[in-house]
Amino acid sequence: MTGRLPARTVLLAALMLSALAPLGLLLVASLGRGWFFPALFPPSVTLESWGDAFRGGRMAVALWTSLGLAVCTGLAGAAVGWPVGRALADLRGWPRHLGAAAAFLPVAVPPVALATGLQISALAVGVAGTPGGVFLSHLIPAAGYAALYFLGVFTLFDRRIEDEARTLGARPRTVLWRVTLPMMRREVGQAFLLGFLVSWAQVATTLVIGGGRVRTLPLEVFAYLQAGQDRYAATGALLLVIPALLMLGAVQFAVERAEATPL
Amino acid sequence: MNAPALEIAGLSVPFGDAPGLRDIGFALDPGERLVLLGPSGAGKTTLLRAIAGLAPTAAGQLRIGGRDVTDRPAEARDAVYLHQTPLLFPHLSVFENVAFPLRIRGCLQVEIQAACAELLESVRLEGLADRRPHTLSGGQKHRAALARAMAARPAVLLLDEPLTALDPSLREEVRATLLSLQARYRPALVIATHDLEDAAVLGERIGILLGGTLAQVDRPERLFQRPASLAVALFLGVPNLVSGSVADGEFRSPLGPIPAGPESLGGPATAAFGADALRPDPCGSLRGVVRSVRYGPRGATLRVDVSGLDLDATAGGGAMPETGDELRLGLERDRITILHGTTRDV
Amino acid sequence: MTAASRRGLLAAFAVSLPVLVGVGYSTLASLGLTGPGAAGEGSARIARVLGEPVVWTGLAWSLWIAAASTALATAAAVVVAVLFRGGARSDRVARLFAVLPLPIPHLAAAVAALLLLGQSGLLARLLTSLDLLTGPGDMPALVYDRPGVGLILTLAWKEFAFLALVAFSVVATRGGRLEEVARTLGARPLAVFRRVTWPLLWRGLLPAVVAVFVFAANTYEATAVLAPSDPLALPLLTLERYTDADLVRRGDAFVLVLLGTAVSLLAVAAHEWTRGRWDRLEP
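Protein chains in written order, with numbering that gives the first Met the number 0: chain A, 0 to 262; chain B, 0 to 345; chain C, 0 to 282.
There's no promise every hint is true.
[Said to hold, decoys possible] Derived coverage of chain A by chain C (criterion: at least 3 residues anywhere in the stretch with Cβ under 8 Å from a Cβ of chain C; other residues may be distant): (1) 26 to 37; (2) 115 to 122; (3) 227 to 237.
FYI, nobody ran anything at the bench for these hints, they're computed from the structure.
The structure displayed is predicted, hence computed values, not measured ones.
Just so you know, even glycine gets a beta-carbon here, dropped at the ideal spot from N, CA and C.
Just need the whole structure built from these sequences, with the hints factored in.
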């Protein structure tokens, strides 16, 4: 296949372009001042919208709110999903199907339906319109994803290692702390990432439960779009992308480092 | 057809970057069986895959069914390679699995029906034609895979560890199916295994793969009686290996002088013989003390201390010796092979 | 059932409880028994809302978007998974770039799509510089358009990353040895693909394809940015009603919530069915 330009090379180039071009476009749009039709490149560059993000403006507040919510959701989602998924993995037959369906429910229900349905519960408990309420509304689908994920993980997990540890004299809590959790570092990292991304990108539930008062980054991006402020919207969009990519890298790195060091 | 089913000459098969197998050569006629015996990692699988066209070769020639296939891709050779675990196509029924080689050769539906019916009947799976592979038992899967292989009417069938890890009844089932298929359709069979028992049960000829080459190719009996080298003797587990040296056509060791044959080289050597070469004999030249008596399916074996050497001997007819007994033993000279080198060198 | 089983089931239900409460409340509201604007209509409310054409055009439009984007993404994922399945550097690079969009939020992708495909977006400017257009008015509408082209492309971009990930794993784990078997049985490369690789691939992908379809039909973020107001996609319609000033219309939203949920659950059932049917594909 040497000589003529093979389909593979063209396709590879197309893949790289398709993955990177949107990000590149967002970057340019976030920096361009007065970038109107039909200019192919912005006439001048400004860091105004980025400055807003890092100096405490509207975007900065939204960024930190989103980060806080997402990290808490990731941690809590993994913490809830682990025992649920593990318990479900031990079931067989109809209880297993039923349990899996229950865990699947928050994931399967349309986000708007989930949001409207959750608002009832939020109002009942009295957390509507508060960051706590929004956190809980993110937690529900995050825990669902995590539970399903751990269900798959624990189905493949060889329980005999824990049994061996028990016969060596370790109590159940010790087994969890010193055997199971260390073995599952990668999986816990993945579950955290799942929950983080679920919360990070959420719009419908944040809008409905938060009542527009809890300002997360996606909500601000929406607002900028509707106001026609493309530069700020692009900056916000990149601020949505970068932490997601960084978090992905961080989880991979932390897991790999943990796996390299002996217990 | 007069051409051999499989002819290999001077074949070299690399293992990744390592040299791997060198100068492999043998030939098989249709209906013949050869077992490749060797320790794990010896290159048996690699050799089979190279014959099948799934692994590259560095040198040598390969002829299957009289045609040179050295540079031909896997699908154009006439050799079917079977993995240790039967790999049936999970999305096809048993019938469609067996029909697969016929469909891709463009056979008519009528021909396919007839051929598959015959094949399924030859492996006793007629009633299971419409089943999916995951519903079959282990033995049924093996038989279905064999039927599918025979549908391709290959000149050579390459089997990788076909009996390893099977329980005894399943082992017998697979072996019987294999032999009956071979009798019926006459492919040449090359079987790779690391198990001595399986080799003895399957092989007409056994090829020992050691150290990257075919150390010996022989009938099973000759293999044990006349191992070609010390390495082969060690691999086969020949029980009695006595170190000594050869000088003036004679092997000298604590066993006394043994004629070594005019062509033997001088220097360190080992006498290799089985338990059947050493027996209690009131007129024998050796004296020993019985250390233990082991009972096995082929009779009793005595562990005897002869001049400081621990040797296995066969208990003859007559009264069974007991531990601690002193006795005289006779050595059957023509059952001894003198091999170059000692166990310290191998 | 053991104590542990009971605990497991209870825990799962605890997670889904708010959802169940929500669905229960929506059902009651749809029947006019509670909620805003419950004017004692009873089950006539359901009939009235479901009688509105805008509901069905909204649902149909959402399903169209989901079908088109999923089909595109699936085709692309299959091509990439088969072409770049090896261990060479170019294969690994291709696989990395294929899944790069995974962590990128749909909203960010939608903003980029707007900037690229909008009336005065980058594409329009490129075409103008090549003298194919004279002004933004000449640019065919790819966003806020009835066929939903921009939205389809955006969703397909994200879905492709996910489906490619699944396809890579399917091809890697199931394909190799079975293809070898087919080759030694005499099948040439095209026959191997047609009879072994492709059948295994589409069966392994099907559950993921169904999941992606459901997600695309229900997603809010990208739809809100790129979709037209007529026909109004079901998620957008639902939220619009839910925040309506008119209490009766606000109550109507619950019927739409149930409709969306019912469609989703049907699709989820389809997912489970396909997974169960073709899950035992280990050779």
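Now the hints, each set against the structure:
1. 26 to 37: holds (count 4)
2. 115 to 122: holds (count 6)
3. 227 to 237: This one holds; 6 residues, not fewer than the three required, reach chain C with a Cβ under 8 Å.
Every hint, counting from the list given before, is met by this structure.
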